[in-house]
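K.L.:
As a plain string of letters, each chain reads:
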Amino acid sequence: MSTVEHLGRGPLGREELAAVVARDIPRGAFVNLGIGQPTTVADHLPADSGVILHTENGMLGMGPAAKGDEVDPDLINAGKLPVTELPGASYFHHADSFAMMRGGHLDVCVLGAYQVSRRGDLANWHTGAPDAIPAVGGAMDLAIGAKQVFVMMTLFAKDGTAKLVPECTYPLTGLACVSRLYTDQAIFHLGPDGVTVAETYGIGFDELAARLEVPVRRG
Amino acid sequence: MSTVEHLGRGPLGREELAAVVARDIPRGAFVNLGIGQPTTVADHLPADSGVILHTENGMLGMGPAAKGDEVDPDLINAGKLPVTELPGASYFHHADSFAMMRGGHLDVCVLGAYQVSRRGDLANWHTGAPDAIPAVGGAMDLAIGAKQVFVMMTLFAKDGTAKLVPECTYPLTGLACVSRLYTDQAIFHLGPDGVTVAETYGIGFDELAARLEVPVRRG
Amino acid sequence: MTAILTDPDEALAGVEDGSTVLIGGFGMAGMPVTLIDALIRQGAKDLTVVSNNAGNGDTGLAALLAAGRVRKMICSFPRQSDSWVFDGLYRAGEIELEVVPQGTLAERMRAAGAGIGAFYCPTGAGTPLAEGKETRTIDGRDHVLEYPIKGDVALIAAHAGDRLGNLVYRKTARNFGPVMATAAALTIAQVSHVVEVGDLDPETVVTPCVYVDRILDTKAGEAA
Amino acid sequence: MTAILTDPDEALAGVEDGSTVLIGGFGMAGMPVTLIDALIRQGAKDLTVVSNNAGNGDTGLAALLAAGRVRKMICSFPRQSDSWVFDGLYRAGEIELEVVPQGTLAERMRAAGAGIGAFYCPTGAGTPLAEGKETRTIDGRDHVLEYPIKGDVALIAAHAGDRLGNLVYRKTARNFGPVMATAAALTIAQVSHVVEVGDLDPETVVTPCVYVDRILDTKAGEAA
Chain A
1 MSTVEHLGRG
11 PLGREELAAV
21 VARDIPRGAF
31 VNLGIGQPTT
41 VADHLPADSG
51 VILHTENGML
61 GMGPAAKGDE
71 VDPDLINAGK
81 LPVTELPGAS
91 YFHHADSFAM
101 MRGGHLDVCV
111 LGAYQVSRRG
121 DLANWHTGAP
131 DAIPAVGGAM
141 DLAIGAKQVF
151 VMMTLFAKDG
161 TAKLVPECTY
171 PLTGLACVSR
181 LYTDQAIFHL
191 GPDGVTVAET
201 YGIGFDELAA
211 RLEVPVRRG
Chain B
1 MSTVEHLGRG
11 PLGREELAAV
21 VARDIPRGAF
31 VNLGIGQPTT
41 VADHLPADSG
51 VILHTENGML
61 GMGPAAKGDE
71 VDPDLINAGK
81 LPVTELPGAS
91 YFHHADSFAM
101 MRGGHLDVCV
111 LGAYQVSRRG
121 DLANWHTGAP
131 DAIPAVGGAM
141 DLAIGAKQVF
151 VMMTLFAKDG
161 TAKLVPECTY
171 PLTGLACVSR
181 LYTDQAIFHL
191 GPDGVTVAET
201 YGIGFDELAA
211 RLEVPVRRG
Chain C
1 MTAILTDPDE
11 ALAGVEDGST
21 VLIGGFGMAG
31 MPVTLIDALI
41 RQGAKDLTVV
51 SNNAGNGDTG
61 LAALLAAGRV
71 RKMICSFPRQ
81 SDSWVFDGLY
91 RAGEIELEVV
101 PQGTLAERMR
111 AAGAGIGAFY
121 CPTGAGTPLA
131 EGKETRTIDG
141 RDHVLEYPIK
151 GDVALIAAHA
161 GDRLGNLVYR
171 KTARNFGPVM
181 ATAAALTIAQ
191 VSHVVEVGDL
201 DPETVVTPCV
211 YVDRILDTKA
221 GEAA
Chain D
1 MTAILTDPDE
11 ALAGVEDGST
21 VLIGGFGMAG
31 MPVTLIDALI
41 RQGAKDLTVV
51 SNNAGNGDTG
61 LAALLAAGRV
71 RKMICSFPRQ
81 SDSWVFDGLY
91 RAGEIELEVV
101 PQGTLAERMR
111 AAGAGIGAFY
121 CPTGAGTPLA
131 EGKETRTIDG
141 RDHVLEYPIK
151 GDVALIAAHA
161 GDRLGNLVYR
171 KTARNFGPVM
181 ATAAALTIAQ
191 VSHVVEVGDL
201 DPETVVTPCV
211 YVDRILDTKA
221 GEAA
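Chains as they are written, first to last, in the working numbering: chain A, 1 to 219; chain B, 1 to 219; chain C, 1 to 224; chain D, 1 to 224.
Keep in mind that the hints were calculated from the coordinates and are not lab data.
We put the beta carbon where it would ideally sit given N, CA and C, even for glycine.
Careful: at least some of the hints might be erroneous.
[To be verified] If you want a taste of the chain C side facing chain D, the calculated C-beta under 7 Å gives, among others:
no.	residue
1	W84
2	L89
3	Y90
4	G117
5	V197
[Claimed, not checked] Below, simulated DSS-like cross-link-like pairs (lysine-lysine); rule was C-alpha separation at most 27 Å, straight line:
no.	chain 1	residue 1	chain 2	residue 2
6	D	K133	B	K147
7	A	K80	C	K133
8	B	K80	B	K67
9	C	K72	A	K80
10	A	K147	C	K133
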């Protein structure tokens, strides 16, 4: 296998990135989509994907965002936004919900990140700023719980530094937990053997590798 | 308070003993009745006692034994005998059922015993015979779980030795867990200060004390 | 035996200064707002409050915080767009904060209710939230030793409850309620629909009556 | 995704020698008799079986034991009036036995399903069943450190299941099924009533479909 270079185009837009993540979720998988950008992945799952969504506030079989009359204050997602219920759904309390996550029963969890390290460490809960009020929510539970953790983020911060780093400098959410990293410029697979580049978008492998401090291999 | 001596009568019969235990269960209490003789306590609870029975195989609000058409193979007690369901009952799985017990939510558990020690140690699961196959069931969970553990047994073994002992010689079920001991000849309250005799049946306090190796006090 | 009450103030009677109070809800779903308002009136202070968040806007838990009655918050996610009351108290050093991962928060209360003395949990291992905690490698994976969180009081909201105290919830409003009910010495539930004993299907009861000490019938309060 | 099968032998396909098999049921309530019979035909040997009892009479689990396929039993109560098959094997030294208090048995499987590495449990502290186990005094009370029991396979029985794999149980037949379903890599449920997706009320599902890999439709088998 080799890296697929999508050239003659720019980096992935936010919706395009969500579509690429959706494409890689196996049919029939049980999936938790984190708050924010990961939530948009749901909009790109094919109607017949058979994917079943978990929301850690106590539901399996979550449907799309609720609109108009569908809005029910008792039916919200982890981002506290109103959602809907699909046939075959089930509800459970928080201890059971996180048992489902922590116990490794979900196939994929998709999260955002500030930084991901070469060995798959994740930093996504705290900027480390001295005056920041720490708030973790379910981030640490999700990071270590699912069989596979996908992260989606922009590859470079606004200051141009890569967010795929040799070692995270932000406070950690979980160790060696990220298996795939989806960014606007490239898709990385992380594992014990290091980082491989599965695809690039609007940039070639060599240029990408040159811009990273983390050694990467062709996929 | 002093020991109530019921003289001019013999020791309590099995049904009488069950009635005395039933008398001492507070109104509205949540109660688990162990397999065997403790089960018969239910028959002596007043109709308006408000006592709610727990069976550790996953039910709160257990009713009397099922008869005739009431028998349902899916509705049994911990002794695997068919029982009935009362209004306000609920079902739960084994982990939740034993969480309810272990977490100290039940007011009283009534158990049988081979031996009870002066400090409330309980031996009721194993005779210690070298060829016996060990089998504990829920005995250890029940022994340490309820707010109060009542034991009912005959006070003396067939060989005449008392089953209220300085130290249990049979393998232990739980340490310092028995709060009250109901026997055919006397009712004992056990606590950090030792053993007091609340009532005697067909025997006076002094004669009883003389027949025991455990020091007892008037109640 | 469960008391069925219609007066919120009566429902909160006896909560003592220094209590640990578990407060249900995730967002507004399952939030026992009537009971929180009654707790504010009740006046207990020096409280430790355990809840997923640390209050929103100026009402409910935020109002309890603003009234200066909370010494410490134990929660997973205090910082929100509208958590200005907590934020102000925290930055002023006027409130303690213990941040606990959301699943560990639930599991620690479950342990309290289930009589588990402590448990080894993989969540948070190697992160700042594990600092100072005992850790152990089990089956090649790092775990953090976590202790139960037991409440003196739990305030929860349920959809329906019968007069024995059995409760059912509605959709994701179930969240922390069933766990907190098991973890507190005194569990008080505000219930929208109080029904007769026998009206709830025994197969569907989520919180068995043994866990519920007082029910506040919120519909009866409205009618009065 | 859950497979809905009508052939018991197909339901048991792939169980390997040396597997740990969790078998539900308490007494005959919730006992997956059709699956046990299929496991006997399937032929896997050197099994560790985790179940509350160790077989009754000459059928079901007792027949599996009699066929010499079980290396070790982990259970709370092997000795019963009609457990002669187990008794004979045990006295002949032909089977290992680990006796676990009933609630600890359930909690150890719950821990396996919930990703808990180990837990301190007061049950059995100071008794022969705690011998050789790590103990710790927490809040003045002795606790025993207990580790998860994880299954390669769980065989359970449920009342109804939908085609996604959601399960509900009936009365005290619920017992170990929901816990075992969470604790095994491969969960196989025999179900009396297979219904369409959407036929089960989401509030009443006891085992969410994520825990169920295969459903054996026992009614369909009867009709065939």
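K.L.:
Any hints this thing doesn't respect? Which numbers, in order?
P.N.:
1, 2, 3, 5 and 7
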